[in-house]
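Student: Starting from two chains that each stand alone, build the complex the way the hints lay out.
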Amino acid sequence: MTSLNSFLFIAFPYIAFSVLVIGATYRYKSSGYKVSSLSSQFLEGKKVFWGIVPFHFGIILLFIGHLVVFLFPEAVLRWNSDPVRLVLHEGIGFTFGISVLLGLTILIVRRWFNPRLKMVTNRMDVVIEVVLLSQIILGCWIALGYRWGSSWFASDLSPYLWSLVKLSPNIEAVSALPDVIKLHIVGAFLILFLIPFTRLVHFLVAPFHYIFRPYQVVMWYWDKKQIREPSTPWQITRPRNN
Amino acid sequence: MDIRSQISMVFHLDKCIGCHTCSIACKNIWTDRKGAEYMWWNNVETKPGTGYPGKWEDQDIYKGGWEKSGNGIKLKGAGKKKGLSNIFHNPHMPVIDDYYEPFTYKYLDLIESPASDDQPTARPVSLITGKPMDIKMGPNWDDDLSGTPDYARNDPNLKNLSPAEQQAMFQLERMAFFYLPRICNHCLNPGCVASCPSGAMYKRGEDGIVLINQEVCRAWRMCITACPYKKAYYNWHSGKSEKCILCYPRIEAGYAPACMHSCVGRIRYLGVILYDADRIHETASAPENELVDRQMDMLLDPFDPEVIESAKKNGIADSTIKAAQSSPIYKFVKKWGMALPLHAEFRTLPMLFYVPPMLPVMASLTEVDNSAQAEKLGDIAKYWPDKWLYDTSTEELWGTIDQARMPIEYMASLFSAGDTEKVKVRLKKLLAVRIYRRWKTVGDISEEKANQVLSDVGLTQELAEEIYYLTSLAKFDDRFVVPAAHREQAIEMIENAGDRKGSTGFGFKEGTAKRGL
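Chains B and E are the protein sequences, given in the same order. For what it's worth, this note's numbering labels the leading residue of the first sequence as 1, then goes sequentially. For what it's worth, this note's numbering labels the leading residue of the second sequence as 243, then goes sequentially.
Bound conformation, chain E alone (with noise of 0.2 Å):
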């Protein structure tokens, strides 16, 4: 057993209100720089959609992350045999017209220019070029199923649902999205670093980060290939890739990444995992149909004595074993077992999970009296005289799951390599939950019912106001339980601690990079 920690991630997708606010706040602080403009390491995709880039799913296409060979894995795009022999001309990068040509108006020319009879108007203009340009495509302009035919038709997801199945998705009464907020995934068996010919990606032991070292990186273009999530970008000005570095100056100073701390809907968790690493290999390797089983059990119980003793032996600081114990990710992933990864099949074992998304709900619209609800408002209240209830619940019940509006393998493709029992089993918990509640607060459900929909999931009262509690109540610190870097130890980190015995001082390491940044 070789215990590593790891800063992993779950995204409450039943909470993402796609208000792009975590994608802001990231651009801002990281990629708001020439030749990074097109880039968004963290973006929201509306799904079904073809997402950012487009079609990033399709590895027909991309040729990115894994794939079985023999008894075990070779990258699909990349790697030392291909990768070096397609080192002059990558044929399976993505160009810059796959995510879009950044774009600002001239803004000016509302101010400067002459009178005239026509209004002036800010012409787009091309961010590369800096020349006028006909704006085809932005990072969000597939949201909430615009220009359906173009996006949300062309989602790879679909393609295992029956032509019936499709047409009846975008049946207007039907017709139902969700929102996808992605980051890099810092998975355990990263394709990016794997497909690195200078060697310039690592994953940092500590905490799991997977960084690129601009210093060695020498523009072979071969992660962004490899990334079957296309988080890894080129800078076309500097000539380096870039990705998501999961804020780590922040972490390391027991802040929650940006995304996370501006996340306006709190579906955002962040905490350590304990995991064995000697078995990534073999995890990576297994069969399609049990990745995500395999993965989990990867993931080992912080409480487990057995695991505390190696994980000591490994170097693994007690304030971390500490955070893991406290982790929400370990309760969402492990102990209550609802959340998932995205896209398993990509044989990446990403770290990032998912709470796949109540939305399949059924509902059916009621007539009903409201003039009792309405005498108890107050004078100055407004109220709407309407006689209509949106009503979501079935006699049977867990017939909502069973009828869902969107098709579960659609969910199924998207978070359990096309298995849909374990994302049914994830929903009917959620569902649990929120009977089990309402029998709490409404009243309308009786308690043996609330009982009987616990149990038949394998929950308890006390587990169902715990998952309740972190999924409505939590407070900052019970949703990002970030493990102390120990910057008192810090210096140790750069230089012996030694060498700085007896001396205090300012300045830099080493002189600021002259190109690009």
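Same shape as in the complex, but just chain B (with noise of 0.2 Å):
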């Protein structure tokens, strides 16, 4: 027992993690054109809408809540003190999980019943329905049965991610969590390992830079006006888009 424990929750933890750093620079570095996520709202644009809004929605808000809870467990446990701010935070957290679980089962469904959606899907697509589902209930299923999640997360759990981005493992908290959170806690480095199998690599390149660019966007192959210049032919470097 003790050496599976090691193995989930400490070489898992770092193997996952080494695969998504070395798997998701690889991909885009050798291929920028695989870094995406497949569409399908061309050929079917009116359920996804149902599907995906409240699926990605909660699942960014999960993700914030779970990140703030790590990062700042202190500042949680301070603001959980108060039950009425409490039950505040678990039930923000549990509706957005409902909203996740919503709307995974209908992208899922609606995936699963269009015969044109089927064409577009891949063996990882089935692979990550299928993982992000299971942990998506076992996150409901956890956050109904053993109360309140976020005030151990941040007591017993934080201390021990922290562990690990301090490189001295320490898994006894861990280990004596009941199996359910166990699960939730494989399911989690689980997905961090597939994600540059698979199309969530997307989140990776969300476009926020389109914020700070202006709208239009003219390329030149080539200053041709320091082409001109005499005394620089030699010097000119590369141009930055090839």
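Read the hints as simulated data drawn from the structure, not as lab findings. There could be a bad hint or two in this list.
Examples of chain B residues lying across from chain E (beta carbon under 10 Å, computed) [stated by the list, open to error]:
hint	residue
1	V48
2	H56
3	T105
4	V109
5	F113
6	P115
7	V120
8	T121
9	M124
10	D125
11	V127
12	P159
13	F208
14	H209
15	Q216
Okay, the calculated beta carbon distance ranges per label pair [as the list claims (entries may be wrong)]:
hint	chain 1	residue 1	chain 2	residue 2	range
16	B	I22	E	K276	28 to 38 Å
17	E	K378	B	F203	32 to 42 Å
18	E	Y347	B	V109	27 to 37 Å
19	B	I22	E	V506	51 to 61 Å
20	E	L350	B	V218	43 to 53 Å
Every residue, glycine too, gets a C-beta built ideally from N, C-alpha and C.
Tutor: Right, here's the structure in full:
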């Protein structure tokens, strides 16, 4: 049991994270062509709305929620010390959990029953659907059955994650947790592991740079004005866009 | 003044016979691939008609292009705020059924079916799912007003016309239509480029061709909404957007684009035009009735020494300036003022111009004696003893345009943001050249009358001859003045020539794409 725990909570997180970093970098560097999610809105544009919107907004909020508890455990514990605020916090989290669950279910059903969408579904899409669905079901189950998650995450899990970050893993607290929660933790690392191999890569290239760029993009092969400058012809650097 | 060069086009609609040869040439070269079957980077529509995709001109549905916002402009259905907040689901994106579901037929069934009492049939199957399907719409099923109640009557351009005028258009004896070939307009203020969240779309500085970098496209799908002409397409198989590339590999090699090269009616002209890039924003933000004129003002005279000097300062090659001087586009658009952009009110400053068709000409049938003509025919010539003359002449010189068979408002809705005067001026020029040539060749019009029509529209006999030449007689090299891409410098476009010095070789810069293509 200890060796299994060591593997799942020490070795596997490091493996998953390394695979994520190396795999995503490799995929991006080798061909930017493959770094995106294959949108199916063009083949079915109506039902997708009811799935994709609750799913994305839900999962973004849940991700930020987990991240905040991981990064600022004391602040979260202080916030949770008041029962009203605690219930509010957990309630919001659970609502978004349900929104992800519903959204994902709609997306899976839509993909399953539309013959057009079957043509644009590959094996890894099915894998990631199953993993995400299990993970969200586990998450909702934990939120209901093992209260109050945000507090014990802050006090028990956040130190464990930080111990991983500091390269001195301490899995005492994690090993004592119920199996459901363990599975949820392993699921999280599994998702990290799978990112480079699935359509999930698309969130790594979320287009925030769009906000800061001017609307129009004009590209030149070469700065022609510089070419004409007789003193520089052999010092011109490579054009940026090639 | 920031002078740039743009490869620009003129389509002479009077000459278009709607044969779709351009579409086929384009399809064979560029879009005969999985996921691109439904795409027609070049398509030909019958007007009045709903077009492809259906009702693309109706921006209440598709939210394409720019709209006025205070002193400036903003994208109607995309942009930083709208685009990013709708990034998971783009509410204004057309789906494949707005174009048509691509199909083929199971031809093999004709050969391989076992013997039976009935003839085997080749059933239509979907090119997406491979399953049998009922074909509801094809790429040109609205041709020649077929299915008129479904297509022609739903044309968004009819909304400016009174019910009576609309009714008149569809009376059998007044029924008229014309063809509108469309490709990407390679706009100066492209909505697609502005809407692309990942920055995959760009306009080439050297020739103004608008392209999508397939390596950077992340399927955020905003360009499809933002292009008001619906000329950015989503490849459902590769998950990338694609669009007309103006056959840039051909252009760089000095050839005309495939659609233009193959044009049977020789309606297409291509050439360089110089413009002032500093004025783009100001022009695109102009009041609607000034849009066309302001866009024309942006295009510069390539013979003006001041323009030439600033062009050179901007690094525009002498060969490009020379090409701009002999550009048929400059002649049609600026010198003669005969061409108009399509739907200027979308504010993208399209650089594909149309010479409006003379189709609204009224015609009458009169009974005449054709026997004198018949005697001139040879023995073997086929002779129909009918006595009808399809007569397009009227007593009044401009009467034909004033009593146009198709309301001028309709043309104005397409080509001049609703200003009928701009369309009329151009139609009159077309007619003036015709009247002038009739005096020359047939002689039943007096020289005074011919000169009068020319001076009415500000033309001279020399100009009329030039217009006549470029319209009717122009050779390949007159119609397509492709500027040199300077292939001798081409290697410098890709890498530092110094690196290549003393080495030579074959091979790819990088491996071919694994997915989709």
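Student: If you test the structure against every hint from before, which numbers come out violated?
Tutor: 3, 4, 5, 8, 9, 10, 11 and 12
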